[in-house]
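Q: Chains as they are written, first to last, in numbering that gives the first Met the number 0: chain A, 0 to 82; chain B, 0 to 82; chain C, 0 to 145; chain D, 0 to 145.
Because the hints were derived from the structure by calculation, they are not lab data. None of these values were measured; they are calculated from a predicted model. Each residue gets a CB set at the ideal place from its N, CA and C atoms; glycine is no exception. Take the hints with a grain of salt, since some may be wrong.
Below 25 Å or equal to it, Euclidean Cα-Cα: the simulated PhoX-like pairs (lysine-lysine) are [as the list claims (entries may be wrong)]:
{"id": "1", "chain 1": "D", "residue 1": "K121", "chain 2": "D", "residue 2": "K134"}
{"id": "2", "chain 1": "C", "residue 1": "K134", "chain 2": "C", "residue 2": "K121"}
{"id": "3", "chain 1": "D", "residue 1": "K134", "chain 2": "D", "residue 2": "K55"}
{"id": "4", "chain 1": "B", "residue 1": "K1", "chain 2": "C", "residue 2": "K55"}
{"id": "5", "chain 1": "D", "residue 1": "K55", "chain 2": "A", "residue 2": "K1"}
Estimated spans, in silico, between C-beta atoms of each pair [as the list claims (entries may be wrong)]:
{"id": "6", "chain 1": "D", "residue 1": "G13", "chain 2": "C", "residue 2": "T24", "range": "17 to 27 Å"}
{"id": "7", "chain 1": "D", "residue 1": "W144", "chain 2": "B", "residue 2": "H26", "range": "47 to 57 Å"}
{"id": "8", "chain 1": "A", "residue 1": "D59", "chain 2": "D", "residue 2": "T124", "range": "33 to 43 Å"}
{"id": "9", "chain 1": "A", "residue 1": "D17", "chain 2": "D", "residue 2": "H97", "range": "54 to 64 Å"}
{"id": "10", "chain 1": "B", "residue 1": "S44", "chain 2": "C", "residue 2": "G126", "range": "39 to 49 Å"}
{"id": "11", "chain 1": "D", "residue 1": "A62", "chain 2": "B", "residue 2": "L16", "range": "49 to 59 Å"}
{"id": "12", "chain 1": "A", "residue 1": "D59", "chain 2": "D", "residue 2": "A14", "range": "29 to 39 Å"}
{"id": "13", "chain 1": "C", "residue 1": "D138", "chain 2": "B", "residue 2": "T27", "range": "49 to 59 Å"}
{"id": "14", "chain 1": "C", "residue 1": "R143", "chain 2": "A", "residue 2": "D40", "range": "33 to 43 Å"}
{"id": "15", "chain 1": "C", "residue 1": "D86", "chain 2": "D", "residue 2": "A62", "range": "23 to 33 Å"}
{"id": "16", "chain 1": "A", "residue 1": "A37", "chain 2": "D", "residue 2": "D25", "range": "55 to 65 Å"}
{"id": "17", "chain 1": "D", "residue 1": "A62", "chain 2": "B", "residue 2": "G29", "range": "50 to 60 Å"}
Selected chain B positions facing chain C (Cβ under 8 Å, derived; list incomplete) [as the list claims (entries may be wrong)]:
{"id": "18", "residue": "L5"}
{"id": "19", "residue": "A47"}
{"id": "20", "residue": "H50"}
{"id": "21", "residue": "L52"}
{"id": "22", "residue": "F54"}
{"id": "23", "residue": "G70"}
{"id": "24", "residue": "A71"}
{"id": "25", "residue": "P77"}
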Amino acid sequence: MKLDLLYFAWVRERIGLDGETRDLAAHTVGEALVALSALGDGYASAFAEPHRLRFALDQDFVDADAALREGAELAIFPPVTGG
Amino acid sequence: MKLDLLYFAWVRERIGLDGETRDLAAHTVGEALVALSALGDGYASAFAEPHRLRFALDQDFVDADAALREGAELAIFPPVTGG
Amino acid sequence: MITVRVQTEAFDLGAETHALSDGRTDIGAVASFVGLVRGGEIEAMTLEHYPAMTAKALEAIAAEAAGRWPLLGGTVIHRHGRLLPGDPIVLVAIAAAHRGDAFAACAFIMDYLKTGAPFWKKEETGGESRWVDAKAEDDAARDRWR
Amino acid sequence: MITVRVQTEAFDLGAETHALSDGRTDIGAVASFVGLVRGGEIEAMTLEHYPAMTAKALEAIAAEAAGRWPLLGGTVIHRHGRLLPGDPIVLVAIAAAHRGDAFAACAFIMDYLKTGAPFWKKEETGGESRWVDAKAEDDAARDRWR
Chain A
0 MKLDLLYFAW VRERIGLDGE TRDLAAHTVG EALVALSALG DGYASAFAEP
50 HRLRFALDQD FVDADAALRE GAELAIFPPV TGG
Chain B
0 MKLDLLYFAW VRERIGLDGE TRDLAAHTVG EALVALSALG DGYASAFAEP
50 HRLRFALDQD FVDADAALRE GAELAIFPPV TGG
Chain C
0 MITVRVQTEA FDLGAETHAL SDGRTDIGAV ASFVGLVRGG EIEAMTLEHY
50 PAMTAKALEA IAAEAAGRWP LLGGTVIHRH GRLLPGDPIV LVAIAAAHRG
100 DAFAACAFIM DYLKTGAPFW KKEETGGESR WVDAKAEDDA ARDRWR
Chain D
0 MITVRVQTEA FDLGAETHAL SDGRTDIGAV ASFVGLVRGG EIEAMTLEHY
50 PAMTAKALEA IAAEAAGRWP LLGGTVIHRH GRLLPGDPIV LVAIAAAHRG
100 DAFAACAFIM DYLKTGAPFW KKEETGGESR WVDAKAEDDA ARDRWR
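Only chain A is shown next, with the shape it has when bound in the complex (with noise of 0.2 Å):
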């Protein structure tokens, strides 16, 4: 699955990039989080917590579960503390 994969705040300083694409084996959120947690350190610390996780599929919230579509913008980052 071919995804647009952005990363923000400490999960962006973990893995070294605020964004990149990838193909991925995997179908749901959590899938592709594992996927990326091999795919180095910075990746596996950024993810290691998953309730610390937040995420995005084209800019929605959406939890772990949530199917991915080919091409689609996943967001991965932590809970948000604006305003």
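Given the coordinates of chain A, work out where chains B, C and D should sit on it, guided by the hints.
A: Quick look at chains B, C and D alone, frame taken from chain A:
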């Protein structure tokens, strides 16, 4: 009991005065209303429906059974409608 | 800590809230409210008040709010005299560290002011004028804080 | 009906609320909120956001508020970039006929924005910087509207 009387809004309009000093045979606010009502049609009209009146004694809200003090300022007016 | 003013002049919300927070770094939240004259059939509105009592009543309401919530400043302004549709009548601005306290104190002061500050509105419509009746819903709004 | 802006520039509460009510006579109430950077040990704060999503998320929150209460206009502004203690971060201003609706919608938008708009704060203290953790009390504030 000598009182400085103040009238506001439609109470003022019905009586035709914004205030006056009077010596009334009254020990409570309610007794003052009775005494004033005997002074003429304007007063009687203004005080005909006591549940539509509110009172302040020396600038503090009080009930009709509040005791008067010699020389006090007694204001009589409708429920407030500011804000 | 909460300043009260009763005046005929208009006021400026931006200037008032800026005065509350200017030069301070402890304020995280400023909640404010402005009430305006609504038009429709109403051509003008005259606000009468009880000068010797008005500021005293507003200060008592402000003190009650300051006792209930940890506040860092505030301003209450109420106009009197003749106003036209669209004119601002009342301003309440409250500064606090946190938004919950600022919102609550601002709404509380408005609810208490509506039922406890000695102002009376007279509306002009088609050449006639009539005193506005107090609303039961304003008593209910006040009572939710008890 | 509720305008949303995401910007680095400061904003002016007086100008924003004036723009909502200017020339109108149907608005009786404008409730507003400004959130500011608190100081203390914090020397600066940088707000990161998700540009493609931010306005969309804020507009969804504003639309939800407009569906819950009868509103007559509103403005939501959220800044991003580096801010200093005392700087304004966020503005919500809501116009309605009646104060209860304006207050509720303004507080609702702030509570939902805190938990549903993609912003992240990083604080600078003594040359170190750290990401601010989300607060459980913000989730609780949002959940009271459900």
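Q: In this structure, is the beta-carbon distance linking A:D17 and D:H97 contained in 54 to 64 Å?
A: violated (45 Å)
Q: With a cut-off of 8 Å, does the beta carbon of B:F54 approach a beta carbon of chain C closely enough for the hint to hold?
A: With a closest approach of 11 Å, the B:F54 hint is violated.
Q: For the pair we were handed, D:K134 and D:K55, check the Cα-Cα distance against 25 Å.
A: This hinted pair holds, its Cα atoms lying about 23 Å apart.
Q: Can B:A71 be said to touch chain C, with a Cβ gap under 8 Å?
A: violated (12 Å)
Q: Do A:A37 and D:D25 keep their Cβ atoms within the hinted range of 55 to 65 Å?
A: Holds - the Cβ-Cβ distance for A:A37 and D:D25, about 60 Å, lies within 55 to 65 Å.
Q: Range hint 39 to 49 Å: satisfied by the CB atoms of B:S44 and C:G126?
A: violated (23 Å)
Q: Quick check: does the Cβ-Cβ distance between C:D138 and B:T27 fall within 49 to 59 Å?
A: Since the Cβ atoms of C:D138 and B:T27 sit about 24 Å apart, the hinted range of 49 to 59 Å is violated.
Q: Can you let me know if the beta-carbon spacing of C:D86 and D:A62 is within 23 to 33 Å?
A: 31 Å Cβ-Cβ, so the 23 to 33 Å window holds.
Q: Given a cut of 8 Å on the nearest C-beta pair, is the interface hint for B:P77 held or broken against chain C?
A: holds (6 Å)
Q: Does 49 to 59 Å hold as the CB distance between D:A62 and B:L16, or does it fail?
A: Holds, since D:A62 and B:L16 (Cβ atoms, about 56 Å apart) stay within the stated range.
Q: Would you mind confirming whether the straight-line C-alpha gap from C:K134 to C:K121 stays at or under 25 Å?
A: holds (14 Å)
Q: Range hint 17 to 27 Å: satisfied by the CB atoms of D:G13 and C:T24?
A: holds (22 Å)
In this structure, the earlier hints numbered 9, 10, 13, 14, 19, 20, 21, 22, 23 and 24 are contradicted, and the remaining ones agree with it.
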